[in-house]
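Chains as they are written, first to last, in this note's numbering: chain A, 1 to 534; chain B, 535 to 841; chain C, 842 to 1126.
Source of the hints: derived by calculation from the structure; they are not laboratory data. Heads up, some of the hints might be wrong.
Some residues of chain B that are not near chain A, with every Cβ distance over 10 Å (derived) [to be verified]:
no. : residue
1   : Glu-733
2   : Leu-825
3   : Gly-832
With the Cβ distance kept under 10 Å, some of the chain B side facing chain A (calculated, not the full set) [unchecked claim]:
no. : residue
4   : Ala-633
5   : Asn-736
6   : Glu-737
7   : Ile-740
8   : Arg-744
9   : Ala-745
10  : Lys-746
11  : Pro-750
12  : Arg-752
13  : Cys-756
14  : Gly-776
15  : Thr-779
16  : Leu-834
No residue lacks a Cβ here, since even glycine has one placed at the ideal position from N, Cα and C.
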Amino acid sequence: MSLLEIDTLRVTFDTPAGPAEAVRGISLTLAEGEALAIVGESGSGKSQTLLAAFGLLARNGRTEGSVRFDGQELIGLPPHEMRQRLGRDIGFVFQDPLSSLTPHIPIGDQVGEALRIHERLSRREARDRAIDLLARMKLPDAAEIARRYPHQLSGGQRQRAMIAAALATRPKLLIADEPTTALDVTVQAEILHLLADLRREYGMALAFVTHDLAVAAQVADRIAVLQHGRIVESGETRTLLAAPRHPYTRLLAEAATLPAAPAYTPRPAARPLLAARGLRVDYTQPRGLFGRETRCALDDASLTVYPGEAIGIVGESGSGKSTLIRALLGLVTPSAGAIEWGGRPLHAPYPRPLRREMQIVHQDPFGALDPRMTVGASIDEPLSIHRRDLSQRGRKALVAAWLHRVGLSPQLADRYPHELSGGQNQRVNIARAFISQPRLVACDEAVSALDAQTKSEILDLLADLQRETGVALLFVTHDFHAVARLCSRTIVLHRSKIVDAGETSSLMSRAGHPTTGDLIAAIPRLPAWERHPA
Amino acid sequence: MFRLICGRLLGAIPTLMAIVLLGFVLMRLAPGGPFDAERALPPEVEAQLRAQYDLDAPLHEQLARYLADLARFDLGPSFKYKDFTVAELIRDGAGVSAALGGAALVLAAALGLTLGCAAALKRGSRFDAAVMTLAVSGQVIPTFVMGPILALVFGLWLRWLPLAGWGGGRPAFLILPVITLALPYVAAIARLMRASLIETMNESYIRTARAKGASPARILLCHALPPALLPVVSYLGPAAAGLLTGSVVVETIFGLPGIGRYFVQGAINRDYTLVLGVVMLYGGLIVVFNLATDLIYGWLDPRVRRS
Amino acid sequence: MSGAAFSATGRIGWRQRLRRHRGARAGGAVLLLMAALAILGPLLSPHGADVVNWDAIEQAPSGAYLFGTDSVGRDLFSRLMLATGISLALGLLATVVSVVIGIGWGAVAGLAGGRVDALMMRIVDVLYAMPFLFFVIVLMAVFGRSLWLIFIGVGAVEWLTLARIVRGQTLLLKNQPFAEAARACGAGPLRLLTRHIVPNLLGLVAVYATLTVPQVILVESFLSFLGLGVQEPLTSLGVLVKEGVETLETAPWLILIPSLWLAALLLALNLVGDALRDAFDPKDR
Chain A
1 MSLLEIDTLR VTFDTPAGPA EAVRGISLTL AEGEALAIVG ESGSGKSQTL LAAFGLLARN
61 GRTEGSVRFD GQELIGLPPH EMRQRLGRDI GFVFQDPLSS LTPHIPIGDQ VGEALRIHER
121 LSRREARDRA IDLLARMKLP DAAEIARRYP HQLSGGQRQR AMIAAALATR PKLLIADEPT
181 TALDVTVQAE ILHLLADLRR EYGMALAFVT HDLAVAAQVA DRIAVLQHGR IVESGETRTL
241 LAAPRHPYTR LLAEAATLPA APAYTPRPAA RPLLAARGLR VDYTQPRGLF GRETRCALDD
301 ASLTVYPGEA IGIVGESGSG KSTLIRALLG LVTPSAGAIE WGGRPLHAPY PRPLRREMQI
361 VHQDPFGALD PRMTVGASID EPLSIHRRDL SQRGRKALVA AWLHRVGLSP QLADRYPHEL
421 SGGQNQRVNI ARAFISQPRL VACDEAVSAL DAQTKSEILD LLADLQRETG VALLFVTHDF
481 HAVARLCSRT IVLHRSKIVD AGETSSLMSR AGHPTTGDLI AAIPRLPAWE RHPA
Chain B
535 MFRLICGRLL GAIPTLMAIV LLGFVLMRLA PGGPFDAERA LPPEVEAQLR AQYDLDAPLH
595 EQLARYLADL ARFDLGPSFK YKDFTVAELI RDGAGVSAAL GGAALVLAAA LGLTLGCAAA
655 LKRGSRFDAA VMTLAVSGQV IPTFVMGPIL ALVFGLWLRW LPLAGWGGGR PAFLILPVIT
715 LALPYVAAIA RLMRASLIET MNESYIRTAR AKGASPARIL LCHALPPALL PVVSYLGPAA
775 AGLLTGSVVV ETIFGLPGIG RYFVQGAINR DYTLVLGVVM LYGGLIVVFN LATDLIYGWL
835 DPRVRRS
Chain C
842 MSGAAFSATG RIGWRQRLRR HRGARAGGAV LLLMAALAIL GPLLSPHGAD VVNWDAIEQA
902 PSGAYLFGTD SVGRDLFSRL MLATGISLAL GLLATVVSVV IGIGWGAVAG LAGGRVDALM
962 MRIVDVLYAM PFLFFVIVLM AVFGRSLWLI FIGVGAVEWL TLARIVRGQT LLLKNQPFAE
1022 AARACGAGPL RLLTRHIVPN LLGLVAVYAT LTVPQVILVE SFLSFLGLGV QEPLTSLGVL
1082 VKEGVETLET APWLILIPSL WLAALLLALN LVGDALRDAF DPKDR
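Model the full structure from these sequences, guided by the hints.
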């Protein structure tokens, strides 16, 4: 008999805009000791399915259907009975450990809380068990960590603490809702290893929610793929990945493999477009009464960009990659170092005509557009600054042409950003960046906030535009897949320094600098898989 | 944490200085003066009074003397009540005002927090709607409107409580004034508490606690209430300041012999030492309240305490 | 996230949200009614607002005098309409003054940043912590009562809140990606301020301006109640309440009617302001 049986689950939310269906009839099963991965993008209903099954939905959510856990029907169960199950037989690990841990309660008490509730332990007993658990999570100095508060730990430590809290009562089922999405790739790898070890040790069933098919492959015996609130495909991991049937599954699989990098053609004869040497950026913050704290965001960075080439800039969060392009674009003033454009030295603030030559595409498609301006007006902005020679009509025509070029209907020019989707808005941002005919475009995590389908389309668009216009591209990301698709050269940053640079293909295959090697090794990827013709 | 205390203390000083200086400047700038209300005095008498009240010396000497006096809590003589000094008058009224303000604060906090919590927990119900409507009304209806109406209803029509006066401090005489003074703050605290608790209950860590099978009581008391209280604590500083303002009105309406009433009389009579003395006192109290509130907030929020 | 993403909150514009808000509708209706009455008042009532009539002292509401008369025989209805008009006018004017000063101060501080910002906000902090109202009263004690003084005093108290809010919002906007994108396009500080920051501020400013009007009216009423506000022949709601308190026992309508009227006015203004605030910054959960 299965541990968990979900039958035709439906979840609807009451919103001011009317009822919205998040889950449209999902059925799945999970046996004791088995690991199931539920894969889908945001909006697919993957988290809501499990939250609804165990009565943890938001106030405006309604659940229909049947959920049987360990033989007991959960839908319609009175709250106090549900409370007896939760935390004792089922443990939850949520996505963002910082917001999922109570900020004013010490870690030790939170880890032991389920024990106090279900096993009626005293505070001291619970604390001792908690320290024990934290040690099992491979946290050194567990006693010290138990005394601390969530904000005093790192992301990885917090997530381990959450896992410890969930496993305190030795539950039969552990539900992990995107537990590693908010963590760096290397930390993610550690946590996934930990989970594998814990499964061997405790033998519990695991329901793992993720958007990354490669992570699912690493963790689960079976996979269920969700799209728009329905299961589109499910099956044993190996069989599913070897021969995915549904186009959406194939799309996800493609996003999870590292493609071959574009070839690099060295051009020593050409004049560099942009050259930077020894760049350093410091941020000062007031500290205490009169002191000032200086943090170095970028240290001794040097790089050369040739016309028309695409360079990837990768690193984990806090590595300084965003700071680097902002320093290059003159949006941030470096504390030391020199920058040259076309051979001539540059000093911030950059003269206005130069601004035309370099543009930026941001990560947040909505945030990058003034909510009070129509999309057309936003695209027109660089024209109104740099192309005074054009008439009103001329500018309008150019805006329409570019809307078309990025794959949008020119009629959308009169819409506002909130009326368009994220993907559409990102195309608008790209149109705005390219319309002034720049020679360099920096993309700061430009596709990170998009779903797999849109991500793929936007990357293709950028590749096309780059080929067509001969623009140099600086592509900042923490995601190696995107870099591998677009960039022939790559620079790796770690803790505000450039630690490695070179051709993308060689970077990917060699161990190189220890950090790069770790980074590449940590990237979850699918086992060798052959792509079937669509 | 220690840095926080130092920072806040140092921050309070400019404010105190500004109050003191402003007071001094205003004192000296006033045209005419308290003597205008009286019949014209013969010049020698006026000169004598001027010397006695120290208005002859050069400005910087006056400032020095003023600061020295302040340090000794000597706020000068009252221009109007010739036999008393301002400090004495304030001392007389202090007991009444303190009783009034203290009781109002306690009532406002207790009632406001309870109603706010209850409304948040029963969010969307009719109880919630009723509490919120009452709260908005309570906050919006000025004290000087509510007071007379309450006096009318409970004092005149129902004859349950005395209309006005101090009655030597008997509790019955305090009830209406305290309620009148506390009402807007009950409302404000209730609204704040409700909004804050609703927002806290929507946090992810509450969901984690629910997922552990915690009872509603445990979730409320251990997880939700402590952070939800923080905005209310922040409000207590301004609330205390507001109570000071409100007490002026309430004492006037109900004829209570407190500091506030002296203040109003002083303003009408242009007895400016009295008026300025009271303002100094109030200003100082407000700074102290705000400081205390900041410190309590800093102590309660673990992110600040352990940073 | 992308357009296909499911949103548990739903997205509808602020205008729609405002129209749905019951409080806004009720409050707006009451406001319009009061404003109309205040303007038309003199036409509606046969009696003058300051016509003393010793034969009709303290008469209860009746056919001849809709709201009754006061202790010197003046028609309460006309006085009430006059008072409403004056209170509203004062409220609006003082609000406009404090809005202008507040936006100017706050936006400049927010945009300038660094030391300039720190200094400007320090001044605001110090002023904020002072018992301003009391100083206004002191000013009145010192310089005597005048309409201008009320005006300045009241406006001076209110601009501080707005300056803080505007500065906070400016900082927020300044750090948004679209502000950086505009700078990357070549926009200078002036263009940034006028094209991007101020238009995005107006919504918030409108909300707080609407909430400032009742505050101003409250302060003015408070001063008038203490005997320090508006003087004859003008009258205000605060004055009417004060006169009502004096005749509490003999003529209760003189306290009840102006009190309830004032309360209703303030309530309506606050409802509309709250509704605007909710419409602009919904936390639908």
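Evaluation of the provided hints:
no.	hint	in the structure
1	Glu-733	holds (13 Å)
2	Leu-825	holds (16 Å)
3	Gly-832	holds (13 Å)
4	Ala-633	violated (35 Å)
5	Asn-736	holds (8 Å)
6	Glu-737	holds (7 Å)
7	Ile-740	holds (8 Å)
8	Arg-744	holds (6 Å)
9	Ala-745	holds (4 Å)
10	Lys-746	holds (4 Å)
11	Pro-750	holds (8 Å)
12	Arg-752	holds (7 Å)
13	Cys-756	holds (7 Å)
14	Gly-776	violated (28 Å)
15	Thr-779	violated (32 Å)
16	Leu-834	holds (8 Å)
In summary, the numbered hints that this structure violates are 4, 14 and 15.
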